[in-house]
Structure formats: structure tokens, C-alpha cells
Amino acid sequence: MVRNAIRDRRAARGWTQQELAERAGVSRQTINAVETGKYEPSLSLAFVLAAIFEERIETLFQAE
Amino acid sequence: MSAVSNPSGVGNRRALVVIVATLVLYAASRWWIQQVVAGSVSAVIAALVPLPGLLYVYTAWILRALRGDELERRIALEGLAIGFGVTFAFVALLSQLEHAMPAGALNVDYGEVALVALFASFIGVTRSRSRYE
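These protein sequence lines map, in sequence, to chains A and B.
For the first sequence, the numbering used here gives the first residue as 1, with consecutive numbering after it.
For the second sequence, the numbering used here gives the first residue as 1001, with consecutive numbering after it.
Rather than coming from a laboratory, the hints here were simulated on the basis of the structure.
Built from N, CA and C at the ideal position, the CB exists for glycine as well.
You can trust all of the hints, since none of them are fake.
The following label-pair restraints were derived from C-beta to C-beta distances:
1. A/F47 <-> B/T1059: 29 to 35 Å
2. B/L1094 <-> A/Q18: 45 to 51 Å
3. B/F1088 <-> A/M1: 30 to 36 Å
4. B/S1095 <-> A/Q18: 48 to 54 Å
5. A/G25 <-> B/V1091: 38 to 44 Å
6. B/T1059 <-> A/G25: 22 to 28 Å
All chains should be modelled from the sequences, with the hints used to inform the complete structure.
Have a look at this one:
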């Protein structure tokens, strides 16, 4: 299992799930599924999200 | 990067309308076939009536999977896995029953097999989508 800090980072920037989805090039459903831990994103999407939040991927995603 | 459009909502409603329209076309085609002489040119033309609808549904299914994001592709894959598995089991069971029963007693046609594949895939996609919501 991998937990992530996407929801916290998104909330800190005041973005909606739809806004983050548009930046990442995925659907809002995908962002929601990632945030709730129901879906673990691919490595490429994880890198895209890390780049959007200007963080290292391992600070955004951590193995449980 | 541009965002992927919402796969539920308008897209789902349009897909449902096209599928229902194709099924209606299919039923109309079957009715027409029964009105003409079997083996005639008219019967063959009537049999091919649903082809554009079937091609449209197939193309729309493929394009939707290709244009979707990674989660949408996974949902489509899980739906197909369930659809294929159920259809395979159904056909295998039918084959056994065909051998077990007198010739012609089973009375199942390919259209019913196609319906099983369609509904099993639909249920698979719906079930998979609900897992990720």
C-alpha cells in the first residue's frame, strides 16, 4: 500500500479536484480515487503530480 | 496537459442511447428477417441492418478506452475481463449442454450469447467504476 499527501497539498493551494485534474491531464475521478487511496497511480502520473506540487516524489508518496 | 473529460455523465448517457438504439435496430432486423424468405437477398440485407450500429458501438468503445486516462483504461480492462470470463463460461456450458441434450433441444442462438457478453461487460465496468468512486 502507498499513502499519499495529494489531498493536503491540493487543499494548501486552494485547488479543487477538477483544477488539479486539469493540471495533471487526468479526470477528476482519478484524482479523487488517488486521494482516497482507492487507486494507486502509475509512476508517470506520480511524477506529474510531484512536479505540479514541486516536491520530490517520495515526499508525496510513501509506502506503508 | 489537457484534462481528460468526465467519463460518467453526458458520455455515459450518449453511450447508453447508442447501445439501446443498436438493440432496437437489431430487434427490427430480426423482425424483418422473419417476414422474408430465408436465404433470399432481402433476408441477407435485413441481417446486415444492425452492422453500422454495431460498428459505431465497437469504435466508440475502443476510442473511449484509448482517450481515457489510466484509471478509465483500467476500468475498461476490468470490465472486459469480467465480460470475457462470463461469456467464456456461458459458451463452454452451452457447448456441454448441446452434447448432453437431443439435437435442437437447447434452442440458443448467437444473439443471446452476444447479449450475455454485452451485459456482463456492462456490469463489469459498472462494478469496477464503483470500486474507485
